[in-house]
Amino acid sequence: MGANLILRQVRQIRGGYEILRVDDLDVCDGEHVSVLGPNGAGKTTMLRLLAGVDRPASGTVTLDGVDTTRGGVELRRQVAYATQQPGLLSTSVRRNVELPLRWRKVPRRERARVATAALERLRVAHLADRRAHELSGGEQQRVNLARALALDPSVLLLDEPAAGLDAQTRSAFFADLEQALADRTATVVQVSHRAEEALRFADRVVVLVDGRVHQVGAPDALTLRPADASVAALVGYDNLVDATVRPDGSVLVGGAPTGLVHRGPVGAATVAVFGCGVRLVDADRTGLSVRVTRVTPGPGYRVVALEGAVSLLAHLPIGCPAPLPGDTARVVFESALSAVLPRAAEFPALQSSAVAIRSAIPASR
Amino acid sequence: MAEPIYEVLARSAFVSVTATLIAAVIGIGLGTVLALARLPGRRLMTAVVNTGMAVPTVVVGLVVALLLWRSGPLGDLGLIYTVQGMIVAQVLIATPLITGITMAAMQLLPAALPDQLRALGANRAQLVVRMWIEARVPLLAAAMAGFGHAISEVGAATIVGGNIHRHTQVMTTAIVEHVGRGEFAPALFYGAILVTLAFLVNGLLASVQHRGASWART
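Top line first, the protein sequences correspond to chains A and B.
The opening residue of the first sequence carries number 1 in our numbering; numbering runs sequentially from there.
The opening residue of the second sequence carries number 366 in our numbering; numbering runs sequentially from there.
These aren't lab readings, by the way, just hints derived from the structure by calculation.
Backbone N, C-alpha and C define an ideal beta-carbon position, used for all residues, glycine too.
Some hints could be false.
Which residues of chain B face chain A? A partial, calculated answer using Cβ under 8 Å [unchecked claim]: (1) R435; (2) A477; (3) L478; (4) D480; (5) Q481; (6) R483; (7) A484; (8) L485; (9) A487; (10) N488.
The calculated label-pair distances, taken between Cβ atoms and stated as ranges, are [said to hold, decoys possible]: (11) A/H133 <-> B/F379: 36 to 44 Å; (12) B/T411 <-> A/A305: 52 to 60 Å; (13) B/S517 <-> A/S136: 43 to 51 Å; (14) B/A402 <-> A/D203: 39 to 47 Å; (15) B/M418 <-> A/A175: 41 to 49 Å; (16) A/E110 <-> B/G394: 31 to 39 Å; (17) A/R11 <-> B/G394: 34 to 42 Å; (18) A/D67 <-> B/G406: 52 to 60 Å; (19) B/A402 <-> A/A182: 38 to 46 Å; (20) B/V420 <-> A/R104: 26 to 34 Å; (21) A/S136 <-> B/P475: 40 to 48 Å; (22) A/T60 <-> B/P405: 23 to 31 Å.
Input sequences plus hints: build the corresponding full structure.
Below you can see the structure in the form of structure tokens.
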């Protein structure tokens, strides 16, 4: 069974500064929510409030209707919080996993069985008798996660669960995490500053920037319709450039047409374009005039740096003929891989996230 | 009549071990509270503890003697020139040291550890016990330091105990007495016993520490 988490008018203050402000956020029973944001955005602060470890300066955080700051240890025991630093205790791996179960008065045999199953699920059962501090970073992260999963919590909070792991280990770690969570009904809140991890198995994503919720939505909605430039940057758009929307809907960058048509407010805007959405066309066609400055290899594509009225990065499939530095070309933007947004500098931070969040919560939940 | 050596030795050990055990209970508890709890007056308490670590034992002895003196505020207890009075003095000597080292040990643990334990579902008692286990090595060092401080001090033992033969004489006061009489051989003998005793107790504690580490591994 999962649990409902509700934040209402939550403010957190540190050193006299408001570091988190969430007006209204519901995480439904069994839902998987990712909190995506850059470092210092307030993600861990939010998780600590959800875990009942910290008390908000104002507002309420409730778990199934009970205030997390008043529920005491019994309420906290419904929540498993895997912190960013594994924080394993100076004892064996097995004892690390069993200790929180012992605190919950789980009988010895049952503890051993549950701990072994959790370690097996994360592929670290062979390390059970090793001292936790002797393990590698990746192994410690897995044990940390196994310890949280062994508690069979109603709410599982994961703070950058793969922090400090290399790309290959991260990928294997998340594959195992995904599998471990597949047969569970727990409500999961995962925090990450990496879009690919936050979007990977989330029902919804909360984008947090400077302590404010900028957007809440399904992963696809965030990718295709970012609310503003900061969200676009976080979900992986490679290019954010100033643009102008003309009354006829055409979008110009540096006075040149981009091939985009926008049915929205006229005037200053920001265009977000994925690298693979920047298309090089013949120099005699309409488009933004650019010069190739650098070509570097990427995984399955070439990264082409372009200079013109603005700087751009284009990703060209490896099979395409590669331009050379110094070549001139024109570029247009693929509409399916671009988004026209309010001008970044003029976009007001959401004063109240309630409307955005409420509208994003699926009605069926 | 000269007192049998084993009696002096047993009395010394009894006084210092008892004082260390009492001081460890008080000092580890107080040090933990001062390190973890956000109490009003915490800074003042810390300053008092730090000052207590540097107070000469003879001054502690003087204060305890004034308190326990027959006409003093605690004179009715009849503890002056008794082993119990010496234990009180040694508890006051060892407690600040154990408290100070405990505070430092708890503060040296990862700052996130208490939150981590709370997040894992530890109640207050489970959290504190686990933190003591995590800090077991410096806490044992604190106890060792307290014992060393207690068994090696002479000022308070002399003032509060009075160095009465067959009653309150301990090894350090016996050494002072023998040196005063120019009897260096028995003084050196007691000194050697003191050093050996300190070595044995520290070895025992190190063994406990090692076994504690082995236990924690399983």
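Here is how each hint holds up against the structure:
1. R435: 51 Å, violated
2. A477: 6 Å, holds
3. L478: This hint holds: B/L478 lies near chain A, its Cβ roughly 7 Å from the closest one there, short of 8 Å.
4. D480: Because about 5 Å separates B/D480 from the closest Cβ in chain A, which is inside the 8 Å limit, the hint holds.
5. Q481: B/Q481 check passes; min Cβ-Cβ to chain A is 4 Å, inside 8 Å.
6. R483: Constraint on B/R483 satisfied, holds at 6 Å.
7. A484: OK, holds: B/A484 within 8 Å of chain A, min 4 Å.
8. L485: 4 Å, holds
9. A487: 6 Å, holds
10. N488: For B/N488, the interface hint holds, since the closest Cβ of chain A sits about 5 Å away, which is under 8 Å.
11. A/H133 <-> B/F379: 36 to 44 Å: Holds: the Cβ-Cβ distance is about 40 Å, inside 36 to 44 Å.
12. B/T411 <-> A/A305: 52 to 60 Å: For A/A305 against B/T411, whose Cβ atoms are near 58 Å apart, the range 52 to 60 Å holds.
13. B/S517 <-> A/S136: 43 to 51 Å: For A/S136 against B/S517, whose Cβ atoms are near 46 Å apart, the range 43 to 51 Å holds.
14. B/A402 <-> A/D203: 39 to 47 Å: 41 Å, holds
15. B/M418 <-> A/A175: 41 to 49 Å: 55 Å, violated
16. A/E110 <-> B/G394: 31 to 39 Å: With Cβ atoms ~34 Å apart, the hint holds.
17. A/R11 <-> B/G394: 34 to 42 Å: Since the Cβ atoms of A/R11 and B/G394 sit about 36 Å apart, the hinted range of 34 to 42 Å holds.
18. A/D67 <-> B/G406: 52 to 60 Å: At 30 Å between Cβs, range violated.
19. B/A402 <-> A/A182: 38 to 46 Å: 43 Å, holds
20. B/V420 <-> A/R104: 26 to 34 Å: 46 Å Cβ-Cβ, so the 26 to 34 Å window is violated.
21. A/S136 <-> B/P475: 40 to 48 Å: Distance hint for A/S136, B/P475 is violated at roughly 19 Å.
22. A/T60 <-> B/P405: 23 to 31 Å: 28 Å, holds
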